[in-house]
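Protein chains in written order, with our numbering: chain A, 1 to 242; chain B, 243 to 466; chain C, 467 to 691.
These are calculated hints, taken from the structure and not from any lab test.
Don't take every hint at face value.
[Stated by the list, open to error] Cut-off 30 Å, straight-line C-alpha distance, at most; resulting in silico cross-link-like pairs (DSS-like, lysine-lysine): (1) 471(C) with 356(B); (2) 108(A) with 228(A); (3) 471(C) with 380(B); (4) 371(B) with 471(C); (5) 76(A) with 146(A); (6) 146(A) with 227(A); (7) 380(B) with 356(B); (8) 108(A) with 227(A); (9) 76(A) with 228(A).
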Amino acid sequence: MTIHRVIRGVQRYQGWVGGGAALCLLAGLYLGLLGSPPDYVQGEVVRIMYIHVPLAHTALLGYTVLAGGSVWYLWKRDPVVDNMCHAVAAISACFTALATATGMIWGKPTWDAWWTWDARLTSFAVLLLILLGYLMLRTMIDDPDKEARYAAVLAILGFVDLPIVHFSVEWWRTLHQPQSISLRGVSIASGMLAPLVLMSLGMSLLFSYMLMIRTQLLYLHRLLDAKKGRLLSRFHAPNADS
Amino acid sequence: MNAIACHGISQSYGQYRVLRDIDLTLARGECLTLLGPNGAGKTTLLNILATLQRPSEGYYEMLGMNGRTDRDAIRARLMLLAHGAHVYDDLNARENLAFALALRDTHPTDRDIKLALDRVRIGAFADMKIRHYSAGMKKRLALAKLMLARPDVLLLDEPFTALDPDGAALMRDHIGERVADNAAVIIATHDPDKARPVTTRAGQLRHGAFREIALEDLRADGAV
Amino acid sequence: MAPFKTIRWIVWKDVVIELRSRETLASMAFFALIVLLIFSFSFSMDQRAAHEVIAGIIWVAFAFTGMIGLGKSFSAELPHDCLDALRMAPVSRGAIYLGKVAANVAFLFAVEILLFPMLVILFNLDVVEDLSLLLVTFFLATVGLAAVGTLFAALTVQIRAREVMLPILLLPMVVPVMIAAVEATKGALNGDPPSLYGPWLELLAIFDVVLTIASFWLFDVVMDA
Chain A
1 MTIHRVIRGV
11 QRYQGWVGGG
21 AALCLLAGLY
31 LGLLGSPPDY
41 VQGEVVRIMY
51 IHVPLAHTAL
61 LGYTVLAGGS
71 VWYLWKRDPV
81 VDNMCHAVAA
91 ISACFTALAT
101 ATGMIWGKPT
111 WDAWWTWDAR
121 LTSFAVLLLI
131 LLGYLMLRTM
141 IDDPDKEARY
151 AAVLAILGFV
161 DLPIVHFSVE
171 WWRTLHQPQS
181 ISLRGVSIAS
191 GMLAPLVLMS
201 LGMSLLFSYM
211 LMIRTQLLYL
221 HRLLDAKKGR
231 LLSRFHAPNA
241 DS
Chain B
243 MNAIACHGIS
253 QSYGQYRVLR
263 DIDLTLARGE
273 CLTLLGPNGA
283 GKTTLLNILA
293 TLQRPSEGYY
303 EMLGMNGRTD
313 RDAIRARLML
323 LAHGAHVYDD
333 LNARENLAFA
343 LALRDTHPTD
353 RDIKLALDRV
363 RIGAFADMKI
373 RHYSAGMKKR
383 LALAKLMLAR
393 PDVLLLDEPF
403 TALDPDGAAL
413 MRDHIGERVA
423 DNAAVIIATH
433 DPDKARPVTT
443 RAGQLRHGAF
453 REIALEDLRA
463 DGAV
Chain C
467 MAPFKTIRWI
477 VWKDVVIELR
487 SRETLASMAF
497 FALIVLLIFS
507 FSFSMDQRAA
517 HEVIAGIIWV
527 AFAFTGMIGL
537 GKSFSAELPH
547 DCLDALRMAP
557 VSRGAIYLGK
567 VAANVAFLFA
577 VEILLFPMLV
587 ILFNLDVVED
597 LSLLLVTFFL
607 ATVGLAAVGT
617 LFAALTVQIR
627 AREVMLPILL
637 LPMVVPVMIA
647 AVEATKGALN
657 GDPPSLYGPW
667 LELLAIFDVV
677 LTIASFWLFD
687 VVMDA
């Protein structure tokens, strides 16, 4: 059996992506933690932004990739695309959990509460629940084909649902407390922009790198299963046992 | 035009290969009796042909329609008699027939339904809930459904089990009638003696591989 | 067959079976009653506090009750492999979906109506001034719940641990429907002017449409191979 061409491409470029991620993240961390000024209002606390915001952006980007990949899978039914979706979901779940956690840590000193029913926080909590449900769903189905289809259904419906969640929570909170504590509209000092961009780029590259590795792993797993099957069926060949 | 044409159909569940490279063609007016021990892949093959699952590899055509893309059109022309009776416990025989046939866009009159139930000799139980039916009666009900629907392709998974000799004869006669009427039939069975009179071709599935066998070799033990 | 006829047959079948067995309606009503009783034990509330929480209590009870009804609507297709028969039927999957949604909405809504007098008694509600708007709220939220719920019930019935997976997958998806339902119910119970909570009803209607269209399309993938 030949290795899938997508996987061959992945194997060729993964090193560059991983290296790029390391460079961007190191430079971004240096600039963010040491090389940039503290915030006028928030002081040193603001530095968690350089971790939190890129994590959150990447998690959302990841979910978009998951939804796109799911549509692609339902259209083409290529198992490698399904492996990619499975990998994206697991990594997105990690990024979403980290984004939520860093958001809470940031929220404590700035809003004086670990948790508020802010639209973005709530959407992320729901996103995390959907992703965990997605990963759990995948363990509940034996037939790989069915697993792929049902997972895709869940991912696509979640993609339709998330904007609705965000919108409804935003509306709900603004009706209750018109002056919601939101960071929207806060302009960013020029010294903060460079580390933020570097970290965002680095996180996206790290995400891609992890995605490449994990997709490959899942693909090879499936290949191995198929190989095992061929080997086993040689023992049970039609003429061998009659 | 072939009624059924399989091209390299394989099915695997994880590392288990249930079907291997099945190339099988069946013309209209033919009845293939398919033998094979438990776990040989008979039911899987019938499920694939009945559009219930997609093969891991390969494809098939039915009545000139592609099994991958024309699934709805294929469904309108075939019927699967499966292990499950496809009936609701809380509906009676009449209602079950009316519902199942309505989904096939066939709308038999009450008289048609009554006649069909009489033909399979469960007319006296037409208003009884299926919950109280025996397995054999359910099979007779399924036969009545086949009689009313008259599909062009019949996929019959163990059509004779649970039927008494009289019921088996009814089933066989109906199959014979449909074959004469130019329908294509696949019978998967462990009981080839009952199927032999209507069989025109015989085949065997073993560890997922299909092999055509001579009609004389159609024996219950399956050893060829 | 015309899709409308398919929808009618599916609804007819589900309703006839339910009227004969009364399994789903009875278990749903009884379960909802118990949930409400437990809530009324655990919060001994005065009238004012009651209005704030009661809308939430109602929807927690209805959502969990809905899980029972939705799960049943497809697990009832399992004996004798009726689900396979539906999957093989040469009708549009969308028609099957809409038929099932209609039947589910009917059952859930019936239970909600049945329980409403109980709510009034248990929580000492003043008789609601704007009963019609409250009923509209119940109906719209039930449609939203059933739209996604029917899709996920069809999905989870074909996998392992289906009783657990249905709420795990469904509840996060219906968060917006629940928020809107609770807010509108609260408004109606408080006797607020409809202009204040009316927007929530509009929002519910929009959610219903979006979720139904998405589920309608995805149902095909769940039912077909």
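Cross-check of the supplied hints:
Pair hint residue 471(C) plus residue 356(B) holds up; C-alpha atoms about 23 Å apart against a cutoff of 30 Å. In summary, the hint linking residue 108(A) to residue 228(A) is not supported, as the alpha carbons are separated by about 52 Å, beyond the 30 Å threshold. Among the hinted pairs, residue 471(C) with residue 380(B) is consistent with the structure: their alpha-carbon atoms are about 26 Å apart, no more than 30 Å. Between residue 371(B) and residue 471(C) the CA atoms are separated by roughly 24 Å; this keeps the pair inside 30 Å, and the hint holds.
The suggested pairing of residue 76(A) with residue 146(A) holds, with an alpha-carbon distance near 14 Å, which does not exceed 30 Å. A hinted pair counts as satisfied when its Cα atoms are at most 30 Å apart, and residue 146(A) with residue 227(A) qualifies at roughly 21 Å. Only pairs whose Cα atoms come within 30 Å are accepted, and residue 380(B) paired with residue 356(B) is accepted, the gap being roughly 16 Å. Distance check on the hinted pair: residue 108(A) and residue 227(A) sit about 53 Å apart at the alpha-carbon level, beyond 30 Å; violated.
A hinted pair counts as satisfied when its Cα atoms are at most 30 Å apart, and residue 76(A) with residue 228(A) qualifies at roughly 26 Å.
In the structure shown, a violation is registered for the earlier hints numbered 2, 8, in ascending order.
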